[in-house]
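Asker: Each chain, letter by letter, is given below.
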Amino acid sequence: MSIRGRIINYLDLKRNKRIIRDSRSGSLKRYAIGSVLVLLGIVIVVNLLVGMLASDFQLDWTATQVTSISPETEKVLSELPVDVRIYGLFEKPDNVQNSIYQLFIPMLEKYEDASEGKLTVQYVDPDTSPSLIAGLDPTGLTAFSKDTFVIKAGERISVIDPYNCLAYDAFEYTANNRRVVVGNRIEMVFTGEISYLTSGDLQKVYFMKGHQEFGNSYVASILKYEGYDCLDLYLAETPEIPEDCDLIVLNLPRQDISEDEAAILGNYLKTGGKMIVACDFVSVNEPMDRLNELVGTMGLSLTTDLILEYSPEYLFSPDDNKNARGIVSTEYADLFGIYYAVVGRSRHVRINDIANGSLSIRPIITSSALATINPYGVIDEKQTSQGIYNYAVRSTSSDPGYSGDMIVLGTGYLSGDEYLNGMSAAEENIRFFSNLILSLTGREIDTPIPPKAIPSYAFTSLPPVAQQTLWSVILIAIIPFLFVSAGIIVYYRRRHQ
Amino acid sequence: MLAYYKREFFSYFRSPIGWIALSLYAIISGFYFSSWIPSGGIDLSSEAAFLSGILFMIVPIITMRLFSEEKRTGTDVLMYTSPSDLAGIVVAKYLAALSLFLTMNAVFGIHILIVNSFGGRVDAVTIGSFLALLLLGSLFIAIGTLASAVTENQMIAAMLSFTALLLSQFIYVFSAQFRSLTVSLLSALNVFGIGAERIANAGVAVEKAINWLDPYAHLDELFIGIITLPPIVFCVMADVFLVFITYRLIEKRRWSQKA
Chain A
1 MSIRGRIINY LDLKRNKRII RDSRSGSLKR YAIGSVLVLL GIVIVVNLLV
51 GMLASDFQLD WTATQVTSIS PETEKVLSEL PVDVRIYGLF EKPDNVQNSI
101 YQLFIPMLEK YEDASEGKLT VQYVDPDTSP SLIAGLDPTG LTAFSKDTFV
151 IKAGERISVI DPYNCLAYDA FEYTANNRRV VVGNRIEMVF TGEISYLTSG
201 DLQKVYFMKG HQEFGNSYVA SILKYEGYDC LDLYLAETPE IPEDCDLIVL
251 NLPRQDISED EAAILGNYLK TGGKMIVACD FVSVNEPMDR LNELVGTMGL
301 SLTTDLILEY SPEYLFSPDD NKNARGIVST EYADLFGIYY AVVGRSRHVR
351 INDIANGSLS IRPIITSSAL ATINPYGVID EKQTSQGIYN YAVRSTSSDP
401 GYSGDMIVLG TGYLSGDEYL NGMSAAEENI RFFSNLILSL TGREIDTPIP
451 PKAIPSYAFT SLPPVAQQTL WSVILIAIIP FLFVSAGIIV YYRRRHQ
Chain B
1001 MLAYYKREFF SYFRSPIGWI ALSLYAIISG FYFSSWIPSG GIDLSSEAAF
1051 LSGILFMIVP IITMRLFSEE KRTGTDVLMY TSPSDLAGIV VAKYLAALSL
1101 FLTMNAVFGI HILIVNSFGG RVDAVTIGSF LALLLLGSLF IAIGTLASAV
1151 TENQMIAAML SFTALLLSQF IYVFSAQFRS LTVSLLSALN VFGIGAERIA
1201 NAGVAVEKAI NWLDPYAHLD ELFIGIITLP PIVFCVMADV FLVFITYRLI
1251 EKRRWSQKA
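Residue numbers (this note's numbering), protein chains in the order written: chain A, 1 to 497; chain B, 1001 to 1259.
Be aware that a few hints might be false.
[Unchecked claim] Examples of chain B residues lying across from chain A (beta carbon under 8 Å, computed): (1) Ile1020; (2) Asp1085; (3) Gly1088; (4) Leu1181; (5) Val1183.
[As the list claims (entries may be wrong)] Beta-carbon label-pair distances, calculated as ranges: (6) B/Arg1254 <-> A/Lys14: 21 to 27 Å; (7) B/Leu1189 <-> A/Lys14: 49 to 55 Å; (8) B/Leu1185 <-> A/Lys146: 26 to 32 Å.
Keep in mind the hints are simulated off the structure, nothing from the lab.
Every value quoted in this text rests on a predicted model; they were computed, and no experiment measured them.
The beta-carbon is built from N, C-alpha and C at its ideal position, and this holds for glycine as well.
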């Protein structure tokens, strides 16, 4: 072959090789890109499918199932008569852990799921969407604040402050003004509000105001869940009781009621009114003469005697006689299925010697037979006598001319915010109080949603400072030093090999 | 593959890198843990959440040498010509890095023992948050492995993974920015007269799509003790996907080798 022919052959061979290599490289590239895209598609589809199909699979490993919803809430959500929309007035945080919303956002997702589309949750930053916020309440009567929740059902609207859904350590709050969260009642509040907003005709409960009452928010939450409308009643300003009133609650007043108020309330009871009075020894240890006169019309006395329990069976601590388990009377134990209630710092509610046979007076919660009472809380052996004393009593009049119904509680542990917040685990007390209201207003007894305690991570046996320091030195210095030393040894050995 | 895994895992302890990573992790976690002892109690899930926030510093140290070291020492040719399956080698390297990460987390076990001896609470939330930390670590290691395969320089690999992991902590910020950008763009170029609500919804959709990539958002329920399948599947699938891309990159490099 001539030299020219050889050159032509060589060039042809090179061209063909390049073509083969280019086509192989191209097909490999297409295969690589194609396989990556296929896998990406599989990843997305699997994630979507798992998101759709496995959304119900959940293990709530938290100690009190903080984000799981109760059957009561599921029932409310499954029977929603109108669409409900919950607005979180804040930018939904990306990482909810270590934020206050870590308790709210996962739980509200469960609400959405359980409602089957009737309830939706949306997070809106009011700073970036002012028009949406303005549209929430066209009347402009509701004030909206950032970092709160708004529940809207039809035209009804309700605002929830997340901090009011948490239970704080009562001692830390009162003694040190520190808010130490010990539990939450998010489900109780949200389900209560939803139930309240979607209810038809609501029974109306009026809370008396103007006597420096302790907080009512806990009780109000329970009542809203039960379908009651909670309203304030300032008898000093408007001296009449509204006609639609189903129940009046005077919850832990620190001031006595006025003569006019006593007269109005007396007339209310005469005409078949229903009332709950709670007045414990801590809120006021002075006699409340006019309130006592009113209570006296129902055959009861709210004494200034502090009940001290001495039966070890009912005490939480042998050194603390003021706080104990109260015994629920058989009638109410059978009705509510609750046999003991946590009581404390309680006045003795005395049943007067009365000749009025139309009054039916039944103790609701009593002490053991080993309890004593101390007038004004003064510990004086001579003044005390052992016996059964009443923490709570109900008096019902069957006289057609005086047909009132009244429950008198000598303890605040069933209805006071401060106590219930502090006793976040006292589910029985909350259920008991709720049932008392249901029973007084002629409703069927049911189960309110209990609050959920946050477990304590405190050490039960804190080591001495020296031991603490030793552990710190081991963890921060010795262990890392050992690792670094090993690294240095390895480095030098390799260098000298 | 097993031989490769063993070789990779033990190579961490034949160089200072593994020891440095171990000591750094021990110092940081030990410091956090010790600072809580005097307060009389510690929720170990908060420690796991804290450690998840510093992974972007630790993981690049573990992963930077995985493939770039091979190139530097010239042993990459052995890898390409090895009778072992290349995919197996990539998986072995990834698993070796993951094993080192698990070894580092042994200090968490020491903390659990200490809390237990002090009468503190070690509950299922602690375990859930630890699981979340491991899942996040596995995902970050997959990102670091990919970064190591992209470049032949260890420092560049470390910087790449550091940047990627750091940015992953701010995905929610970017998503919000993209939502605003989408809304602004659609509003400005609204030739079809789309309603404001639809534009806003489009912005939210963009934001959600970007947020879907955020591993922290997927794992936040695990950190508080709520175990669901989607975050676990998300992390595992993302690991598989990233390792597969790494394998493809390495394979491409093998076929690009000049004779």
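Asker: With reference to the structure, classify each hint as holding or not holding.
Answerer: Hints versus structure:
| no. | hint | verdict |
| --- | --- | --- |
| 1 | Ile1020 | holds, 6 Å |
| 2 | Asp1085 | violated, 15 Å |
| 3 | Gly1088 | violated, 17 Å |
| 4 | Leu1181 | violated, 14 Å |
| 5 | Val1183 | violated, 10 Å |
| 6 | B/Arg1254 <-> A/Lys14: 21 to 27 Å | holds, 24 Å |
| 7 | B/Leu1189 <-> A/Lys14: 49 to 55 Å | holds, 52 Å |
| 8 | B/Leu1185 <-> A/Lys146: 26 to 32 Å | holds, 28 Å |
Consistency with the previously given hints fails for numbers 2, 3, 4, 5, ordered from lowest to highest.
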